[in-house]
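Just so you know, the protein sequences line up as chains A and B, in that order. So in my numbering, spot 240 of the first sequence is number 240, and the numbers just go up one at a time. So in my numbering, spot 207 of the second sequence is number 207, and the numbers just go up one at a time.
Do not take every clue at face value.
Straight line, CA to CA, 27 Å or less: simulated DSSO-like cross-link-like pairs of lysine-lysine [unchecked claim]:
#: 1; chain 1: B; residue 1: LYS55; chain 2: B; residue 2: LYS65
#: 2; chain 1: B; residue 1: LYS55; chain 2: A; residue 2: LYS140
#: 3; chain 1: B; residue 1: LYS225; chain 2: A; residue 2: LYS18
#: 4; chain 1: B; residue 1: LYS225; chain 2: A; residue 2: LYS10
#: 5; chain 1: B; residue 1: LYS65; chain 2: B; residue 2: LYS191
#: 6; chain 1: B; residue 1: LYS55; chain 2: B; residue 2: LYS262
#: 7; chain 1: B; residue 1: LYS88; chain 2: B; residue 2: LYS24
#: 8; chain 1: B; residue 1: LYS88; chain 2: A; residue 2: LYS140
#: 9; chain 1: A; residue 1: LYS140; chain 2: B; residue 2: LYS77
#: 10; chain 1: B; residue 1: LYS55; chain 2: B; residue 2: LYS88
#: 11; chain 1: B; residue 1: LYS225; chain 2: B; residue 2: LYS24
#: 12; chain 1: B; residue 1: LYS262; chain 2: B; residue 2: LYS38
#: 13; chain 1: B; residue 1: LYS191; chain 2: B; residue 2: LYS24
#: 14; chain 1: B; residue 1: LYS233; chain 2: B; residue 2: LYS262
#: 15; chain 1: B; residue 1: LYS38; chain 2: B; residue 2: LYS24
#: 16; chain 1: A; residue 1: LYS18; chain 2: B; residue 2: LYS24
#: 17; chain 1: A; residue 1: LYS140; chain 2: A; residue 2: LYS10
#: 18; chain 1: B; residue 1: LYS55; chain 2: B; residue 2: LYS24
Among chain A residues calculated to face chain B with C-beta under 8 Å, some are [unchecked claim]:
#: 19; residue: PRO40
#: 20; residue: LEU71
#: 21; residue: THR125
#: 22; residue: GLU126
#: 23; residue: GLN127
#: 24; residue: MET134
#: 25; residue: LEU176
Sample of chain B residues with no beta-carbon within 10 Å of chain A, all distances over it, derived [unchecked claim]:
#: 26; residue: ASP9
#: 27; residue: ARG87
#: 28; residue: LEU100
#: 29; residue: SER149
#: 30; residue: SER238
#: 31; residue: GLY249
Hints were generated in silico from the structure; no laboratory data involved. Where a beta carbon is used, it is the ideal one built from N, C-alpha and C, also for glycine.
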Amino acid sequence: MIRILQYLGKSTRTSFTKLGRATYFLLQTVSGIPSVLLRPRLLLNQLYSVGVLSFLIITISGLFVGMVLGLQGYYTLSDFGAEETLGVMVAASLVRELGPVVSALLFAGRAGSALTAEIGLMKATEQLSGMEMMAVDPIKRIITPRFLAGLLAMPLLAALFSAVGIIGGQIIGSGLLGVDEGAYWSQMQASIDFHDDILNGVIKSIVFGFVTSWIALFEGSDAIPTSEGVSRATTRTVVNSAFSILGLDFILTALMFGE
Amino acid sequence: MDNSVSSQDSLVSVRNLSFSRGDKIIFDDISLDFERGKISAIMGPSGTGKTTLLKLIGGQLFPDKGSITVDGQNVHKLRRTELYNLRKRLGMLFQSGALLTDMSVYDNVAFPLREHTHLPESMIRTLVLMKLQAVGLRGARNLMPNELSGGMARRIALARAIALDPMMILYDEPFTGQDPISMGVLVHLIKSLNNILGLTSIIVSHDVHDTSAIADYIYVLSGGKIVGQGTPKEIQQSDSEWVQQFMTGAADGPVHFHYPAKDYVDDLMSVGKRY
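Sequences are here, hints too, so could you generate the full structure?
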């Protein structure tokens with residue numbers, strides 16, 4: 001019994017100290033933003049490796065998710081003779097939920113894990129320590145540009161995901177299954193609201209981008225500087241990001257769309 | 001105090017330093033002085049915290065007790081910007097070289113110049129080529145760090161460390177894992193850089209032969225204490241059993257060959273236990 005209590009106490013303490021370290025890390029990162037804005041080149045390089053290099057996976061996944069939505073939606077809607085509203089169904093599910101959530105999960109797997117491994121290895125090979133000794137703050141030079149890049153890239157990638165998905169739904173819906181193309185687009189235009197649907201989706205993806213980049217960068221710089229430590233940190237990034245994305249999605253959905 | 005005289009011209013002085021990691025005591029109330037313009041060496045077996053001492057001098061770690069002054073400034077009382085200004089005048093050579101792997105050799109050497117000065121690219125080019133020439137690797141400027149051998153990486157890191165013309169260079173195990181030729185090159189470089197540029201050098205090493213060849217003064221550390229100090233000659237003739245074991249590399253002595261364990265025969269006879 002005492003053992004269990006001891007164990008519980010110890011693990012609670014470790015997780016709280018870790019949370020404290022993570023918060024401190026976030027504050028340091030955010031305080032580096034002004035100096036990064038003065039050197040936009042650093043940010044552009046990171047936007048390329050975090051954002052542009054994720055283009056392909058986001059586009060292809062978006063296309064397939066949209067096509068599946070088109071297929072599934074058509075069979076359900078046609079039972080009620082409502083297949084004209086397929087556009088609304090596809091667009092609403094993408095813009096509100098699947099766009100932000102799935103692209104954030106893909107982003108955590110593609111860019112988040114890469115960030116953790118990169119930072120962890122830089123730590124293991126003393127590159128961060130070396131920078132400190134050269135009087136260059138690694139937070140400002142390495143961490144903050146990557147954080148900002150993640151924050152900016154995520155909403156754009158989510159928007160791309162949704163846009164490609166809607167086209168995918170249209171290809172299947174009107175190209176293959178015979179939904180009227182005009183109805184697909186006009187129904188969508190009439191029912192999707194800019195504020196309620198699109199803006200809320202964008203807010204979600206900004207939150208996910210924030211959390212994913214934070215987790216990835218923190219796990220990297222908190223990693224034990226060995227190959228095993230870096231591999232564990234990379235795993236933790238993907239797992240923790242997925243949990244946070246799905247959990248936060250529930251909370252945000254309840255706040256935004258619950259009446 | 002007999003060391004008050006030497007601290008006049010010492011660039012770095014460590015006073016009553018104590019440092020521990022968890023339960024393990026790394027330094028127990030030690031005081032050292034590193035003279036200006038000289039090559040000083042800190043020697044001792046692996047795991048005695050030699051690298052830790054360099055990190056303490058560079059202000060990356062904080063001591064539990066005691067103080068470290070570099071050029072008259074107490075490293076651990078400085079504000080962040082002051083510490084960074086001090087670090088601009090220190091060069092540190094890491095064991096791994098710590099080159100930035102996403103940049104070419106040229107960009108690595110240019111890195112501190114680009115970060116800390118507003119020099120035009122043409123002048124940076126001149127400076128970089130001069131530093132690379134000094135370490136004999138001007139021809140390797142377009143290589144990436146993963147294309148370099150260990151010795152070359154260390155020489156590039158040395159070129160980077162002298163890029164801002166520091167007053168002092170800290171060398172962390174510069175000779176470990178080097179073949180005889182690159183070892184000779186490094187020994188020669190450290191010596192000549194120190195004399196030509198008027199630097200102060202601190203070398204952390206467990207390589208007895210090559211370090212005593214170039215060092216002016218040696219401290220031998222073990223178990224958190226200074227067990228011997230003096231010029232290489234004095235160290236060689238030291239009557240401390242411990243220093244003798246270290247310098248000659250004897251397998252048994254004050255530092256035991258065996259890790260502490262219970263009696264050998266008892267251990268073998270206790271049948272039935274798994275460990």
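Against the structure, the hints:
no., hint, verdict
1, LYS55/B <-> LYS65/B, "15 Å, holds"
2, LYS55/B <-> LYS140/A, "21 Å, holds"
3, LYS225/B <-> LYS18/A, "34 Å, violated"
4, LYS225/B <-> LYS10/A, "34 Å, violated"
5, LYS65/B <-> LYS191/B, "33 Å, violated"
6, LYS55/B <-> LYS262/B, "36 Å, violated"
7, LYS88/B <-> LYS24/B, "32 Å, violated"
8, LYS88/B <-> LYS140/A, "17 Å, holds"
9, LYS140/A <-> LYS77/B, "23 Å, holds"
10, LYS55/B <-> LYS88/B, "15 Å, holds"
11, LYS225/B <-> LYS24/B, "13 Å, holds"
12, LYS262/B <-> LYS38/B, "46 Å, violated"
13, LYS191/B <-> LYS24/B, "35 Å, violated"
14, LYS233/B <-> LYS262/B, "39 Å, violated"
15, LYS38/B <-> LYS24/B, "32 Å, violated"
16, LYS18/A <-> LYS24/B, "23 Å, holds"
17, LYS140/A <-> LYS10/A, "34 Å, violated"
18, LYS55/B <-> LYS24/B, "17 Å, holds"
19, PRO40, "15 Å, violated"
20, LEU71, "44 Å, violated"
21, THR125, "6 Å, holds"
22, GLU126, "4 Å, holds"
23, GLN127, "5 Å, holds"
24, MET134, "5 Å, holds"
25, LEU176, "46 Å, violated"
26, ASP9, "25 Å, holds"
27, ARG87, "4 Å, violated"
28, LEU100, "6 Å, violated"
29, SER149, "16 Å, holds"
30, SER238, "33 Å, holds"
31, GLY249, "28 Å, holds"
Hints 3, 4, 5, 6, 7, 12, 13, 14, 15, 17, 19, 20, 25, 27, 28, counting from the list given before, are not met by this structure.
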